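J.: Next come the chains, spelled out residue by residue.
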Amino acid sequence: MLPRYSNSNRLSDLACALTLLVLLTVGAPDASAGVSGPVVRLFPTTVLEDIRETGQVAEEMENNLQEVINKLDMQQQLYTESLCQGADGDQGCERIAKQLGSTYLEMLDIMSDRLPDMERAVNNTRSSLEKRLRQELGQRTTPTTLQNALLGETASVKAEDRPALRGRSGVRLSDRFKQYYNLVSTNREGASKSLAVVASDIYLDMDEAAHLIAATQEEIGRAALMEQLNQSFGTITPEMAAVVGGVKEILFGESMTESPIAAPPYAIGEADFVSPLAM
Amino acid sequence: MIRILTSVLVVLSLAACTTTQPDHCAVNLRGNLDSAMTTAESKLASGCEYHFNSYFNSLLTIAEANPDKDNKMLFSDHLMRVNEMGVISRRQAEGLYNRYFNVKFVSLQGDYNTCSQTCPVRTQVMSDMKAELHDKELGLMRASADAASFYRADTLLKETDLVLEATCRACTAGQVQ
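If you read the sequences in order, they're chains Z and G. Take any residue in the first sequence, note its place counting from 1, add 16, and you have its number in the working numbering. Take any residue in the second sequence, note its place counting from 1, add 40, and you have its number in the working numbering.
This is chain G alone, in the form it adopts within the complex (with noise of 0.2 Å):
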């Protein structure tokens, strides 16, 4: 009997002893925004840089739960106080932000002219702002209740589509000549 007693108290000392340190930086995020990005900031700011990404999401979840036109103000405050922690560069924060929040289309970029830059690759371009209207779905209208931005970026996209279509043909046109 004490033998038993003695193997259980042995395997169980040993079971312990293995047991690892719980995740610091698995954080389930939950409840107020505000609060949340309060919490996903201070592990951020502990070394869990490497999570932004996750945490970034579990925001955006919680928002979609909790729409509000102040949402994306709270997400833009967010992405500049993690860019000054040096989390994130500022392009990242900008990118991030209008991506969700904006109706521009950050897909939709570019400092040289648009025969050169954009034509060439005009159906990766239209992919891609097809894309970004989903998080632009997610970041306007189920996180900020902002469908008005949200309709207007997606006319956006399909002036967009109609005016390359001219512009490439009459840039193609002109390169027959």
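Looking at chain Z on its own, in the form it has when it is part of the complex (with noise of 0.2 Å):
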């Protein structure tokens, strides 16, 4: 479902959108690390590919996006420490003012510039892994088959080995790609991993993304005339604090609430009693 726009929130509403878009695209680079699915075929090369462009995107708009944050950071560190909150009339406070309200308009201009990448990567991801997993799980799998699949596949990972899935939030981009490489390592060694789970995860973060990217590259165009504006009286918006905020916290992890949808694994043991009446 599309976020709704009003004049009064338009900006920080792309703030949540870019927040949004940015967590849930972040995750796909590594999601090539099930590879070694033994029965079902969830990454084929297709599907990597399309996987690794759209994490190659995905680190090309943080590596941007970092540098222009960390402008922004230094300008907002500069305009409250020179006490200009509320100092109307004062020319260095507007000037100050006026170089963040520029680097905003900045931020847009690298985000409108990576949105159009971002979106074809996105939805190239998205159509691979919806075509396998309505192939491999939706019409080659029987309910029954599924669940051993599920069982099979989960009896083995460990709760480390397991990137933080849906509902992550405020995770260092990098972090996050060493957790997906530090995942591929392991793969090698043998351990195997959820593949099903991981494939429905990042297809559906992936068409939440699609929507959102959409979304976001309709307000950039409007949020950038609203600063425009802003220039001509040299303001500096809580809406535009918020996004510099949201962004922050997504380039340098400064929250971290993970949880992650599996619990700790148990493997069957040989002394664990199976029943004849067992499935």
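Honestly, the hints are just simulated from the structure, not real lab data. There could be a bad hint or two in this list.
Not everything, but these chain G residues come out facing chain Z in the computed CB check (under 8 Å) [unchecked claim]:
#	residue
1	98
2	119
3	132
4	133
5	137
6	139
7	143
8	151
9	157
10	160
11	161
12	168
13	171
14	207
For lysine-lysine, the following DSBU-like pairs were computed, each having C-alpha atoms within a straight-line distance of at most 35 Å [what the hints assert, rightly or not]:
#	chain 1	residue 1	chain 2	residue 2
15	Z	147	G	170
16	Z	114	Z	87
17	G	170	G	109
18	G	109	G	198
19	G	198	Z	147
20	G	198	G	83
No experiment lies behind these values; they were computed from the predicted model shown. For each residue, glycine too, the CB sits at the ideal point set by N, CA and C.
Mind assembling these two chains? They're in different frames, but the hints should get you there.
T.: This is the structure in structure tokens:
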């Protein structure tokens, strides 16, 4: 469902959209971890290529945004330390505010430049995963075998090996990539991963991200126009501060409230009772 | 005086005549689970087949009061014996055992593909699985002291929810194209 916009809170809505967009898309790259599906082939080379490309685009976006966010952070600090809040008519403060607004526009420009690439990459990944999910889990799997696959695949996954899936927030992007890298390394050593869960998670994220990208692209033009108007008055709006804060959180991972889907796994030992009635 | 005594005797005699035979199937299962199962099985073998469900629930209550890892094995053996007695079918025995004592969900089964069988009734399937998880809590966690298996079933339910959401969305998208 797309967010609704009003004139009064369009920038804060944009901040939410951007935040969600980046959060939703950063999870993509290393799902390539699940290459070794024993039965269900959810990650063939084409899907992996799409995912890798999405990851690269997300990483480029991170790098570009990080630079401009650092700049915004410094300007915001200067503005605060100069006690500019409420200091109407002070020429120095107005100059800082205009610089801050200019940097903010720069950030919107970067987003505007990068979003089409991100949109294409996300849509490619979504489409290829959608096809694989439909074929492999929808048409070539029965509910019984799906259940067996989920149980079989999750049995040997350690909680610390599993990246936080849906619902993640505030995790530094580079750390996210490290998590995925570690996961790939683990898989190379033989441990399996719940590919069906990962594929489903990425697909649903991509689906939401695609909607958010479209909504964000629409909003950027209006947000930029509003800030251009603000430039005439040299003010820092609360919405601008919210955007900067939100993107900072994404880049630097200041809050980390992950809620993993799966609880610690449990491996059935040889001594456990297995009933002849068991499925 | 004699009349009064006679009347009392007559009333008592009539009351004795109207007293019904105690229900021989009604039994208060208690104590040791193993012996309670033996009692239930002897009752089932002597014309009380229709009381199977109440006996089974009573046995679960006893197990809940005396949690033990071996309880699931006792229930498995009990259900197999009751099946061999012809009280319940093999499918019923499997259904009951798996519903209460297995990580897997009997609510998520089928021989047709997921797109056609599960997706059209996904909400109902998930609802049934949630209800089944309550029974697994009783069978695995409270009766068998097997928290790890119960948590695994809980995880399976959550993962199934996620995977079905994605798969069914993909199935629907395929139909639209």
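J.: Any CB of chain Z closer than 8 Å to the CB of residue 133(G)?
T.: OK, holds: residue 133(G) within 8 Å of chain Z, min 6 Å.
J.: Was the hint right that residue 119(G) lines chain Z, CB cutoff 8 Å?
T.: holds, 6 Å
J.: Need the status of pair residue 147(Z), residue 170(G): alpha-carbon distance at most 35 Å?
T.: Satisfied, since the Cα-Cα distance of roughly 29 Å is no more than 35 Å.
J.: Does the alpha-carbon distance linking residue 114(Z) and residue 87(Z) stay inside the 35 Å limit?
T.: holds, 13 Å
J.: Against chain Z, is residue 151(G) within 8 Å by beta-carbon distance?
T.: holds, 6 Å
J.: Tell me if residue 161(G) is really an interface residue toward chain Z, meaning its C-beta lies closer than 8 Å to one of theirs.
T.: violated, 10 Å
J.: So, residue 143(G) near chain Z? Judge it on the closest CB pair being under 8 Å.
T.: Residue 143(G) check passes; min Cβ-Cβ to chain Z is 7 Å, inside 8 Å.
J.: Identify whether the interface hint at residue 139(G) stands, where standing means a beta carbon of chain Z within less than 8 Å of its own.
T.: With a closest approach of 10 Å, the residue 139(G) hint is violated.
J.: Per the CB criterion, is residue 137(G) less than 8 Å away from chain Z?
T.: holds, 4 Å
J.: Check whether the Cα positions of residue 198(G) and residue 83(G) lie no farther apart than 35 Å.
T.: Distance ~41 Å between residue 198(G) and residue 83(G) Cα, so the pair is violated.
J.: Restraint: residue 157(G) near chain Z, CB-CB cut 8 Å. Satisfied or not?
T.: Since the shortest Cβ distance to chain Z is 6 Å, the answer is holds.
J.: Regarding the pair residue 198(G) and residue 147(Z), is the alpha-carbon distance no greater than 35 Å?
T.: holds, 23 Å
Of the numbered hints stated above, those contradicted by the structure are hints 1, 3, 6, 10, 11, 12, 13 and 20, listed in ascending order.
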